[in-house]
Amino acid sequence: MRRLLLTAAATTAAALTLAACGTTEPAADKTEKKASEAITLKDGKGTEVKLDGPATKVVATEWNVVESLVSLGVDPVGVADVKGYKTWDSAVPLKNEPKDIGTRGEPSMDTVASLAPDLIVATTDLTPAAVKQLREVAPVIEVQSADGAGQIDRMLANVDLIAKATGTTDKAKSLRDGFEAKVAEGKKALADAGMAGKGIAFADGYVASNQVSIRPYTATSLIGEVNEAVGLKNAWTVKGDEAYGLGATDVEGLTKLPGDTQFAYIGNDDDPSATPFTGELAKNPVWKSLPFVKAGDVHRLDDGIWMFGGPGSMEAYIDAVVGALTK
Amino acid sequence: MAVTTTEPATEPTAARPSTVPSSRSGAAAVTAGIVLLVAVLAVVDITQGTAAVGPSEVLEALTGRADPDDASVVVASRLPRMTAGLLVGAVLGMAGAVLQAVSRNVLASPDTLAVNAGSYLALGLAGATGVSLPMLASSGIAFVGGLAAAAVVLGLSGLGTGTVRLVLAGTALMLGLHSMTQALLLLFPEQTKGLYEWNQGSIAQNGFDGVLQMLPIALVGLIGLLLTARRVDALALGDDAARGLGVPVRATRLTVVVLAALLSAAAVTLAGPIGFVGLCAPALVRPLARRFRGFSRSRTAMPAAALTGAALVLGSDVLLRALIADDRSVAVPTGVVTSLVGAVFLVAMALRVRDTAGAGAPDRLRIPSRAVFLATVAVLVVVLVGLVIAAVLVGDSKLLLGDVVNWAQGRAGRTVSFVLDTRVPRVLAALGAGAALALAGTLVQAVTRNPLAEPNVLGVTGGGALGAVILVTTVPAAGTWGVAGAAFAGSAVTAVLVFGLAARGGFRQNRLVLVGIGVASGTAALISLLIVLTDPFNANKALTWLSGSTYGRTMPDVVPVALALLVGIGVAVARRTELDLISLDEDTPRLLGLRLAPGRLGFLVLSVVLSATAVACAGTIGFVGLVAPHAARALVGRRHARVVPVAVLLGATLVCAADLLGRTVIAPAQLGAGLMTAVIGTPYFLYLLVRSRR
Chain P
1 MRRLLLTAAA TTAAALTLAA CGTTEPAADK TEKKASEAIT LKDGKGTEVK
51 LDGPATKVVA TEWNVVESLV SLGVDPVGVA DVKGYKTWDS AVPLKNEPKD
101 IGTRGEPSMD TVASLAPDLI VATTDLTPAA VKQLREVAPV IEVQSADGAG
151 QIDRMLANVD LIAKATGTTD KAKSLRDGFE AKVAEGKKAL ADAGMAGKGI
201 AFADGYVASN QVSIRPYTAT SLIGEVNEAV GLKNAWTVKG DEAYGLGATD
251 VEGLTKLPGD TQFAYIGNDD DPSATPFTGE LAKNPVWKSL PFVKAGDVHR
301 LDDGIWMFGG PGSMEAYIDA VVGALTK
Chain H
328 MAVTTTEPAT EPTAARPSTV PSSRSGAAAV TAGIVLLVAV LAVVDITQGT
378 AAVGPSEVLE ALTGRADPDD ASVVVASRLP RMTAGLLVGA VLGMAGAVLQ
428 AVSRNVLASP DTLAVNAGSY LALGLAGATG VSLPMLASSG IAFVGGLAAA
478 AVVLGLSGLG TGTVRLVLAG TALMLGLHSM TQALLLLFPE QTKGLYEWNQ
528 GSIAQNGFDG VLQMLPIALV GLIGLLLTAR RVDALALGDD AARGLGVPVR
578 ATRLTVVVLA ALLSAAAVTL AGPIGFVGLC APALVRPLAR RFRGFSRSRT
628 AMPAAALTGA ALVLGSDVLL RALIADDRSV AVPTGVVTSL VGAVFLVAMA
678 LRVRDTAGAG APDRLRIPSR AVFLATVAVL VVVLVGLVIA AVLVGDSKLL
728 LGDVVNWAQG RAGRTVSFVL DTRVPRVLAA LGAGAALALA GTLVQAVTRN
778 PLAEPNVLGV TGGGALGAVI LVTTVPAAGT WGVAGAAFAG SAVTAVLVFG
828 LAARGGFRQN RLVLVGIGVA SGTAALISLL IVLTDPFNAN KALTWLSGST
878 YGRTMPDVVP VALALLVGIG VAVARRTELD LISLDEDTPR LLGLRLAPGR
928 LGFLVLSVVL SATAVACAGT IGFVGLVAPH AARALVGRRH ARVVPVAVLL
978 GATLVCAADL LGRTVIAPAQ LGAGLMTAVI GTPYFLYLLV RSRR
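Just so you know, the sequences run in chain order P and H. Just so you know, the first sequence maps onto residues 1 to 327 in our numbering. Just so you know, the second sequence maps onto residues 328 to 1021 in our numbering.
Keep in mind the hints are simulated off the structure, nothing from the lab. As the structure is a computational prediction, the values presented were derived from the model and not from experiment. Every residue gets a Cβ at the ideal spot worked out from N, C-alpha and C, and that includes glycine. The reader is advised that the hints may include incorrect statements.
From the structure, some residues in chain P lie toward chain H, with a derived Cβ separation under 7 Å [unchecked claim]: (1) V137; (2) T255; (3) P258; (4) T278.
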């Protein structure tokens, strides 16, 4: 028996070895050259990144940078968790069919390398070890995902940074102008409807078993800043985390919101556990006793607005929230 | 073996001198005390929460004078939470008590018999499909999962064939199932977002519905267990004695385990896996049985354990909400606190327990011939070489050997050289970590003569992970070497703690493993706490690291583990005779004039170095140290001259195969090698158990 095993193993190894001879890629010839204008920029971590020219084959490891790329008219060749992006960010849909490079936390080095990109856009959430390896494939710019001290400024600066690397600064300018115009438009519409200065509480929530956890988007979150920009007031008193401005509370915690609060949330039809406000909470006495629930001031905004996205998602958010509040 | 040969959980009444004074009234008084404690904790729990509803509002609400909003908070949020705490604690305490009684094992509990892990995986699978199920359906799924896990454990270990197997199979299956659940969490982060926090166990409730639906199930289980109490007492006398008394041993065990699984499933559905209550509550009641005769019968000891369990869960919840500001405490699951409390408690218990364990009988294994040993080594080498070739060539981009030759000569094209630059270190990291963990496991098992002992069980890898996570969360820009250093520091501190606490009596067996399990659970709970408090929305980062991943490894990362491995193998080969003697029994080495404690300490230090470097290199890979030495002994007998090389080869093969599968099966998404090791290791380990039963 053991001898048989031994022979089998040896044969398999030999067969493998024979079958695996040859190469998939010819030996390097070192003749590649690019003569276009070189670009040097500083990324979100202050690392200096040199590019031979505006990047066109771009891989992105996080959804917010994917969205910025698409908005800038650059279709990424590789995107982490394509299915997830399509589920959660339909405000700025992908225009091509990018290759899935794996999860957002651990993109596959092999796949990224096989795409032979000329730029990789990562975020500061990716582990340094992975970034270090990605730099072997192509220049990497690390974008700072969130900044509690100024989310909108950070978002627009990120777009500018990516635009610089992809030679689309004109488009970035028009994105910025479009976003600012949308903010002004939303602010005017809300003021006209007499909603200026109204308190708003934006949240999302999750259900597991018989428990509901609610995640408040506080004043220092991106959505929170956009709310303030269109003339609303954040009603949350919960403290958020430093980077994203996200807090944590439960149904009880909602009783601390003022009675005239407008409550807004984004769920997802493809993800039932992410929509507790219509499902599990509908029968909850605490939820039902909340003044804004009684008054019908609970608004479900459109699916597919990525709460941590770029100008595209935020414009869609402004449309949605203004539409809901002025109805 | 010895872990399980401790005194019976429930002591036979006949063994007690009847001179214990006023036992019945004493027991009643103690029971009344616990009831009072539970009541006080329950009342305090109702006054805590995120809404501004304090004691006075609660009082008004209870007397019907509060405004309706406050009343709804009390009725729909506070009372259900309190009730859930009571129910979950009671149910787990009772399940633990009865499981310990029938298995005559102080370490048996819903956690260690994989019941909780099975329920949790079943719910995780349901969650990953994205289907939102009604409460009763999910509890059904949890029950099926828990019962299936229990059935596997009991089926493989064999009813009534000894308790070692029971706990061995249970622990092994628990590790495997947990890894699979973790894989689900990593693969479906959106669908299972709630599940991760819930993983730690939280008694918060959305209204009374859940509690009301679980109540009948819990009652069926509790009453059923009380009805079997007399038979369980008989089992405590030993299988033969019980049979002599006309008690159907197998049927009783089966009934009790099914009922305990039912109870655990109810608890898991309601609150997630709340760790350690099933282990602690009966252990707290046990000393009472020595003092008061009233508690020496299951019929009284089980309700006492249930009450104690309720006190543990509610007390943890109260403590949590009192210590951490309201909004943050929402994010910290109660189960983390019970685990921390339980860990400290377990260590304290381990230090006090009378270590009466003698040497267990060595596994009865045939002694294979030299030819068999050589053939085994040859086959393993061939398999390993084949695996390494496959691991280097196969991945998202398939390569051929010519590419590798080009790469080795520095002539490869851009894509190939990049792929190999990242892939080769990963393969080497997997090989090194696997071999080092296997060797560490071999040494620890030899020294402690304990089949459950391995770096993971002893908390050494957990400590390493804790050190790494502390660094990752406090210094986000920490480099690979920083993380490696932190992991090493963590492992060293944990090892000093565990071995230091267990040093009394020269590293006797039970104490070491008990302290180790306690510390391991403590580190796991601390890691969860740390992630939830500092970076709640990046759990993925830490999870990824904890799952034992070779992701992002570079050549320098492999150096420490390679060095440790060289030293380790050298020492193990040079002192192989000493290892043989130490692993035999307590007396032989003494007769031969060997001083036990220093020798053991040396081997333990070596195994700590080995596992710390492995953790730094590839994260927490939990199964290899347990499986590889067992498999090696089963293949080539007990002599360490043979066991060491075979175990090392097996470890390297296992982790290398796991890494290869993890990278390719669901590519481009990746699974950590640790998860895959468990997925491969669990069935193999269970197969070993089945085979050795004959």
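Restraint outcome when T255 (chain P) is required to lie within 7 Å of chain H by C-beta distance: Status holds, d = 4 Å.
Interface restraint verdict for T278 (chain P) against chain H (beta-carbon cut-off 7 Å): Result: violated, 12 Å to nearest chain H Cβ.
Should the interface hint for V137 (chain P) be scored as holding, given a Cβ-Cβ cut-off of 7 Å against chain H? 5 Å, holds
Minimum Cβ distance from P258 (chain P) to chain H below 7 Å? 13 Å, violated
The structure fails to meet hints 3, 4 from the earlier list, while all remaining hints are met.
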